[in-house]
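Colleague: The chain contents come next:
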Amino acid sequence: MATEAHALPELASVYWRPRATAERLRRRGRLWTLTTVAHVVPFVIVAVVMMLLSPLAFPVSLAALAHAWLIPALYAQRGANVARPLRRAADGPERVALGLLGDLVDHRARELHARTGLVPEQGRLGLWLVGEAGALLLVGRRVFCWCVKASDPELPSGDRVAHLLLALRTDEEGFATVANLAFSGARWRVRRRLPKHQRSALAGEYA
Amino acid sequence: MSRLIRMDQTGHTTLAEWSVDDEVSREAAVAAFAAELETGAIAMVTRGAGHAEHVRELPLDEELVIMRRPIAGG
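Heads up: the sequence lines are chains A and B, in that order. Taken in order, the first sequence gives residues 1 to 207; the numbers are from the working numbering. Taken in order, the second sequence gives residues 208 to 281; the numbers are from the working numbering.
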């Protein structure tokens, strides 16, 4: 646990939240899975029962199956959205910000950022992939998608990433406490919804 | 020469440069640091690979001090 001296200052704005820990993350992950099952199973049951009652109810069954597919898909899309690049600033500021970000990370991280816009950072909770408006945390086959960003919307993209990276490095659990969990589930569910150039980041090459 | 920088719309801006044995530059840097804190900025220093630290006073022996804006869940 981080001492007060090493705690993220932004924790004061979410004082009511319990501090994130590996165990709490595992529980939240399981809860997300249970929620997904609770969304899918009733619709599948409805689809099967309607077909058994009357084949003429086929359209209703189809609609129920569509719901069973669509609701988890929307949640996974919400997770993938945290890694999406935001609007770029002018070339000059982007170059300057990229230079500073480059000074903060090693060569492999710079290379991944150049390809995907995401910076890898190994933490105690798992492997983080830090983007401009959020971060993905890879833990085994699961991904946690965190929505979090710097309060200045006019920053160049490199500075947005650097803000999150510095906060993460200051206090990893605090970072996961301040950020909002947008999704948790299997990696493949988010990977397929990312833009093509970002998908390799979730392939586990840095894990 | 140590630097105090602020991440902002320009990429970053150098707010102050100082050397430990130059009292005038030190005082200017401390004043610039205090002014940034007044705006709600957060001061960071890097501590090797994967580590950073939040500082509340200007660490005069550091080569680079970075001011950032607060982050918040979206």
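Honestly, the hints are just simulated from the structure, not real lab data. Please read all numbers here as calculations on a predicted model, not as lab measurements. It cannot be assumed that every hint is accurate.
Far from chain A, by Cβ distances over 12 Å, these chain B residues were calculated [as the list claims (entries may be wrong)]: (1) Arg213; (2) Asp215; (3) Asp228; (4) Asp229; (5) Val231; (6) Val237; (7) Ala239; (8) Glu260; (9) Leu267.
Computed footprint of chain A on chain B, listed as stretches where at least three residues anywhere in the stretch have a Cβ under 8 Å from a Cβ of chain A [said to hold, decoys possible]: (10) 241–253; (11) 269–277.
Glycine included, each C-beta is placed from N, C-alpha and C at the ideal position.
Colleague: Compare the structure with each hint and give your call.
Modeller: Hint check:
no. : hint    : verdict
1   : Arg213  : violated, 10 Å
2   : Asp215  : violated, 7 Å
3   : Asp228  : holds, 25 Å
4   : Asp229  : holds, 24 Å
5   : Val231  : holds, 27 Å
6   : Val237  : holds, 20 Å
7   : Ala239  : holds, 18 Å
8   : Glu260  : violated, 6 Å
9   : Leu267  : holds, 18 Å
10  : 241–253 : holds (count 3)
11  : 269–277 : holds (count 4)
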